[in-house]
Amino acid sequence: MTGHEYYDDLVAAHALDALDAEERRAFEAHLATCDACSRALADLRRVSAGIALSVDPVEPPASLRERTLARATAQPQDGRPVQPGDGRTPLSFAPRPLRAAPSPILTFALAASLIGLVGVSVYAWVLRTELVATRESVSAMGQRMDTLRTQLMTTRTEAARLMNTIGVLRSTDLVRVDLRGQGSAPGATGHAFVSQATGLVLRADNLPRLAANRTYQLWVVPPGAGAAPISAGVFDPDASGSLDITIQLPSGVQVVRAVALTEEPAGGSIKATTAPLLIGAAN
Amino acid sequence: MRLDPLLADVPAEADRQLIRSIAAGSAEALADLYDRYASTVFGLAKRITGRVEDAEEVVQDVFAQVWKQATRYEGARATVAGWLVMLARTRAIDRVRARSARPDQASGVDPDAIAPLPAHGPDPEQVTLSAEDARGVHGALRLLPDAQRSLVDLAYYDGLTHAEIAARTGIPLGTVKTRLRTAMMTLRDALVSTS
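Protein sequence lines, in the order shown, are assigned to chains A and B. Numbering of the first sequence is given in the working numbering, commencing with residue 1 and proceeding in unit increments. Numbering of the second sequence is given in the working numbering, commencing with residue 1001 and proceeding in unit increments.
Be aware that one or more of the hints could be misleading.
[Stated by the list, open to error] Derived coverage of chain B by chain A (criterion: at least 3 residues anywhere in the stretch with Cβ under 8 Å from a Cβ of chain A; other residues may be distant):
1) 1023-1037
2) 1056-1067
3) 1131-1141
4) 1152-1161
5) 1168-1177
[Claimed, not checked] Derived contacts from chain A toward chain B, CB cut-off under 10 Å, selection only:
6) LEU64
7) LYS271
8) ALA275
[Stated by the list, open to error] Derived Cβ-Cβ restraints for the label pairs, each shown as a range:
9) B:VAL1192 / A:GLY252: 33 to 43 Å
10) A:LEU114 / B:GLN1017: 44 to 54 Å
11) A:ARG209 / B:GLY1139: 51 to 61 Å
12) A:ALA32 / B:GLY1139: 32 to 42 Å
13) B:ARG1149 / A:LEU162: 17 to 27 Å
14) A:ARG214 / B:SER1150: 33 to 43 Å
15) A:GLY241 / B:GLY1139: 52 to 62 Å
16) A:GLN75 / B:ARG1149: 30 to 40 Å
17) A:GLU158 / B:GLY1170: 30 to 40 Å
18) A:GLY167 / B:VAL1192: 37 to 47 Å
19) A:ALA275 / B:VAL1192: 51 to 61 Å
20) A:ALA212 / B:GLY1174: 30 to 40 Å
21) B:PRO1172 / A:ARG209: 30 to 40 Å
22) B:ARG1142 / A:ASP178: 40 to 50 Å
No lab work stands behind these hints, which were simulated from the structure alone. Please read these numbers as outputs of a predicted model, since none were measured by experiment. We put the beta carbon where it would ideally sit given N, CA and C, even for glycine.
Can you build the whole structure from these sequences, using the hints too?
Quick look at the structure:
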């Protein structure tokens, strides 16, 4: 394929977000100089939104509304730092404008106004002090909320992972795969439990530490002669060389004949580029 | 036909007014927008992530982002519904990729922060889509040959790159590219208005 046809393919894939990072960079560089591709992309973005709008709506749980709105409005808006009384909730204690009282006794009126002015100034100063204190308190609460939110998210993520693990291990179609180390990882061991319905749980130990620009990549091998291994993601073991993961099987994978772990460049590979360090066949 | 309640009359201008009110700091306007589109966003997020809890997170992410970025929304022609669903898709794909790539790394880390290859969807603010366009795409999608539709689904809902689709399906990469392009061109031809 030569010439612009190459980019015609890329523009469609870009609108579907189906380019890998390198292709995306190449295409976006071209896009900056090509009106035809810019126009085509604008149309295809609308197609992409149209596909999204074709999905059936599903009513979310009622409790989600309050959580969503509370979380959204707790954060500052771009270009609008959160400040009490920045316009969204007008301050009700703003001093009223001073007006000269219609009085026949000018000096008295002036004196009264001055006294009023002093009074209002003191009042404004008190309010300002309170405002500063309130802002500090809001800021501290905001930070505390951020911390709690992070902790909650962590806990939720971990709980969800454990529930998934339990779900896999309770499956009736569970298949066990014992993995053995080879090549430069002779001491590595692993056990995987695979359920077509619910996913894959893997525990591996004694994995050698990899260079910073390398990563472990998990592969599942479907049955059939010559079936290509399918990537199930990239993973980093903990400091002791152990790996604990629970994943869903890549979509389309029905039966797993073998499970393998290879060393790949950071970010993973489309196809395995090294011999497995850990591999096992389904029992 | 599920499009009817949502798109029978996409209240484009009313939506844009809501965004302007949100930009001015109105929480009530955000609540109105939520009531109008939460089920759309939730449905899409659930379709992509396959999990209620993830879909709930996506909904929260989307409306948080709307609140945050409404001040920057330049939507003279953009469609709010289009913006919301594109935000939702990007967030949902990021979540799926983060989950499948590093489920063991989650402790102490925001799932959003560990996506190995974040979805770089189109700039949602630039999506202009009329009700007729949406209806056209919806109709054309149902008429796509299965061989094309299934690949669009893998890219759109599973977040796969075309190389990953080729690896997954065993279909040659060149064929994957051609089918995706043909499918997208067919859907583009269903657009009514000009961009």
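Are there hints from earlier that the structure breaks, and if so, what are their numbers? 8 and 13
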